[in-house]
Amino acid sequence: MAKHYGRGIAAVNYPTGMNLGGDPTQALIFCQPTGGFSVKLASTDLGQGLKTVIAQIAAEALGVPFDSVIVDTGDTDSAPHCMGTFASRATHRVGNAVIMAANEARKALMDVAADEMEAAPEDLVLENGEIYVKGAPERKTNVFNVALAAHFKYGKTISGRGIYLKQKSSLDPETGACDPDSTEAHATTVAEVEVDDETGEVKVLRLASAYEVGRQINPEMVKGQIVSGAVMGMSHALMETVFPYYPALDHHTYSFGEYIIPTALDIPEIESVVLEYPSSNGPYGVKGVGEMTANSPIPAIVNAIYDAVGVWVTDLPVTPEKVLRALEEKALEAN
Amino acid sequence: MESITVTFKLNGKTTAVAIEPLESLRTVLREHLHLHATKAGCGQGGCGSCTVLVNAEPVLSCLMLAALADGQEITTLEGIGTAQHMHPLQAAFFDRFAAQCGYCSPGMIMAAKALLDKNPHPTRAEIAEALAGNLCRCTGYVAILDAIEDVVTQMQEA
Ligand code: FES
Ligand code: FES
Numbered sequence: 001m002a003k004h005y006g007r008g009i010a011a012v013n014y015p016t017g018m019n020l021g022g023d024p025t026q027a028l029i030f031c032q033p034t035g036g037f038s039v040k041l042a043s044t045d046l047g048q049g050l051k052t053v054i055a056q057i058a059a060e061a062l063g064v065p066f067d068s069v070i071v072d073t074g075d076t077d078s079a080p081h082c083m084g085t086f087a088s089r090a091t092h093r094v095g096n097a098v099i100m101a102a103n104e105a106r107k108a109l110m111d112v113a114a115d116e117m118e119a120a121p122e123d124l125v126l127e128n129g130e131i132y133v134k135g136a137p138e139r140k141t142n143v144f145n146v147a148l149a150a151h152f153k154y155g156k157t158i159s160g161r162g163i164y165l166k167q168k169s170s171l172d173p174e175t176g177a178c179d180p181d182s183t184e185a186h187a188t189t190v191a192e193v194e195v196d197d198e199t200g201e202v203k204v205l206r207l208a209s210a211y212e213v214g215r216q217i218n219p220e221m222v223k224g225q226i227v228s229g230a231v232m233g234m235s236h237a238l239m240e241t242v243f244p245y246y247p248a249l250d251h252h253t254y255s256f257g258e259y260i261i262p263t264a265l266d267i268p269e270i271e272s273v274v275l276e277y278p279s280s281n282g283p284y285g286v287k288g289v290g291e292m293t294a295n296s297p298i299p300a301i302v303n304a305i306y307d308a309v310g311v312w313v314t315d316l317p318v319t320p321e322k323v324l325r326a327l328e329e330k331a332l333e334a335n
Numbered sequence: 001m002e003s004i005t006v007t008f009k010l011n012g013k014t015t016a017v018a019i020e021p022l023e024s025l026r027t028v029l030r031e032h033l034h035l036h037a038t039k040a041g042c043g044q045g046g047c048g049s050c051t052v053l054v055n056a057e058p059v060l061s062c063l064m065l066a067a068l069a070d071g072q073e074i075t076t077l078e079g080i081g082t083a084q085h086m087h088p089l090q091a092a093f094f095d096r097f098a099a100q101c102g103y104c105s106p107g108m109i110m111a112a113k114a115l116l117d118k119n120p121h122p123t124r125a126e127i128a129e130a131l132a133g134n135l136c137r138c139t140g141y142v143a144i145l146d147a148i149e150d151v152v153t154q155m156q157e158a
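Going line by line, the protein sequences match chains A and B. The opening residue of the first sequence carries number 1 in our numbering; numbering runs sequentially from there. The opening residue of the second sequence carries number 1 in our numbering; numbering runs sequentially from there.
Keep in mind that the hints were calculated from the coordinates and are not lab data. Built from N, CA and C at the ideal position, the CB exists for glycine as well. One thing to keep in mind: the hints can contain errors.
[Said to hold, decoys possible] Just a sample of chain B residues kept apart from chain A, beta carbon distances all over 12 Å, derived:
1) Ser3
2) Thr5
3) Phe8
4) Gly12
5) Lys13
6) Ala18
7) Leu33
8) Gln44
9) Pro120
10) Glu129
11) Met155
12) Glu157
[To be verified] Covered stretches of chain A (chain B as the covering partner; in silico rule of three or more C-beta atoms under 8 Å from a C-beta of chain B):
13) 46-52
14) 218-226
15) 229-238
16) 247-261
Bound-form chain A, shown alone (with noise of 0.2 Å):
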């Protein structure tokens, strides 16, 4: 009786986006006369942080500072229509529908400010809510002016509409050929796991993560999801599962007395590298790095397992019963 040692690796090719009938989300952005911009979007955050890189990227199109920017998500009556946040679509498709509503409301704004400043638009800079006369700097003046002026002096508006379309592509019957996504992520994960041969328990002790994710829009959250779904997929892997026996229904879980969980007493030493090879169609570049955080780690460490102690346990989650019962079959055949 001991604890085994074993290690395994898997890896992960990810589509951001999906085929459907087609796949489009809508943008609107407008100008407030405090020169603040407004998007609304029917995408919806879960805690990834959608809003907060649709601010930095419609920060960067509109030329504004990220703190003048709010992205109102959450109502789909009164926002234009998005397919939804699933998929890891959002970024990608909800980014590239705000860069054509902020290219829009830029236009609109710069041709109040090219009015004001008796000049013309391709004339005029724009850096940072700061707008100045190319070559004349000290001819100046900012985006709170200009709304303001649009606003009360000209009955303009600075707004802009925008939206992105992922075109259905049908299966070619020739040859099967289709376009189902946009882009591909990619992951490659090493487990490393200690199994009791007594207990059937399974430890993991280290994941470790390689991931291509096109250009980040924001490190930090993208490490934030790198790490949690590390978590996640360490869970669906040898915890978390509503029948435990099924097709038949004993034992089913019904709270989190039996619907385990990890907590932070059973998180293993995570560690990962990022490397950014841009997508030719996200905004800037972007691909999604949502859901295929979870992919990888799991069929990695059910491969550390069969590196630990010579068994496939394939059923998810692995738990400590399958793990004895396939270590006593394994005996058993060796007799």
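Add chain B with the ligands to chain A, keeping to what the hints say.
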């Protein structure tokens, strides 16, 4: 059932509230007193999102009858900091990106505060132990432990 009145010290202020005798402290805080930082998760003592301090001890407010709070001292997240004047734990959670959906954060911060008030120099393992009754679905805990360790370091340097 007849309603009863309980009186406790809530975030430093004496507070009297009329409640149904079987209402939980969590219900009274959220629904009678409209203090929504204390979260309603499982209602069964399984998640820790409703953690408050009762006489400086972390307590699952979903499992405590509000009637038993009579005469006690209750602290909720609202009592330790505001958006303008954050408690060091709140500031550290903010700096470390220790929240995603944020639903666990109030309970985590209250559990951490209870620990640090008693033991200002805990090890990482002791911090994890103190948070073991608080579930987080989003973050994987690493950023939360980092944030609390930051506060421990700040207190050592101060
Ligand atoms: S709501 Fe009290 S422990 Fe979950
Ligand atoms: S941040 Fe969502 S549960 Fe912890």
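Hints and how they fare:
1. For Ser3(B), the condition that its CB be more than 12 Å from all CB atoms of chain A holds, with the nearest at approximately 30 Å.
2. A cut-off of 12 Å between C-beta atoms confirms that Thr5(B) is not in contact with chain A; the least separation is 33 Å.
3. Every C-beta of chain A lies more than 12 Å from that of Phe8(B), the closest at about 28 Å, which supports listing it as non-interface.
4. No Cβ of chain A approaches the Cβ of Gly12(B) within 12 Å, the least distance being about 29 Å, so the stated non-interface status holds.
5. At roughly 32 Å from the closest C-beta of chain A, the C-beta of Lys13(B) stays outside 12 Å, upholding its exclusion from the interface.
6. Every CB of chain A is more than 12 Å from the CB of Ala18(B) (nearest about 31 Å), matching its label as outside the interface.
7. In this structure Leu33(B) is separated from chain A by more than 12 Å, as the shortest Cβ-Cβ distance comes to about 26 Å.
8. With a least beta-carbon separation of about 5 Å from chain A, Gln44(B) fails to lie farther than 12 Å from that chain, contradicting its non-interface assignment.
9. Separation of Pro120(B) from chain A is adequate, the least Cβ-Cβ distance of about 19 Å exceeding the 12 Å criterion.
10. Separation of Glu129(B) from chain A is inadequate, the least Cβ-Cβ distance of about 7 Å not exceeding the 12 Å criterion.
11. The non-interface label for Met155(B) is consistent with chain A: the shortest C-beta to C-beta separation is roughly 20 Å, beyond 12 Å.
12. No beta-carbon of chain A comes within 12 Å of the beta-carbon of Glu157(B); the shortest separation is about 23 Å.
13. For the segment 46-52 of chain A, the assignment as covered by chain B holds, since 4 residues bring a beta-carbon within under 8 Å of that chain's beta-carbons and 3 suffice.
14. Chain B is given as covering the segment 218-226 of chain A, and this holds because 4 residues of the stretch bring a CB closer than 8 Å to a CB of that chain, at least three being needed.
15. Coverage of the segment 229-238 of chain A by chain B holds [criterion: at least 3 residues with CB-CB distance below 8 Å; count 4].
16. Here the segment 247-261 of chain A counts 4 residues with a CB under 8 Å from a CB of chain B, which clears the bar of 3, and the coverage holds.
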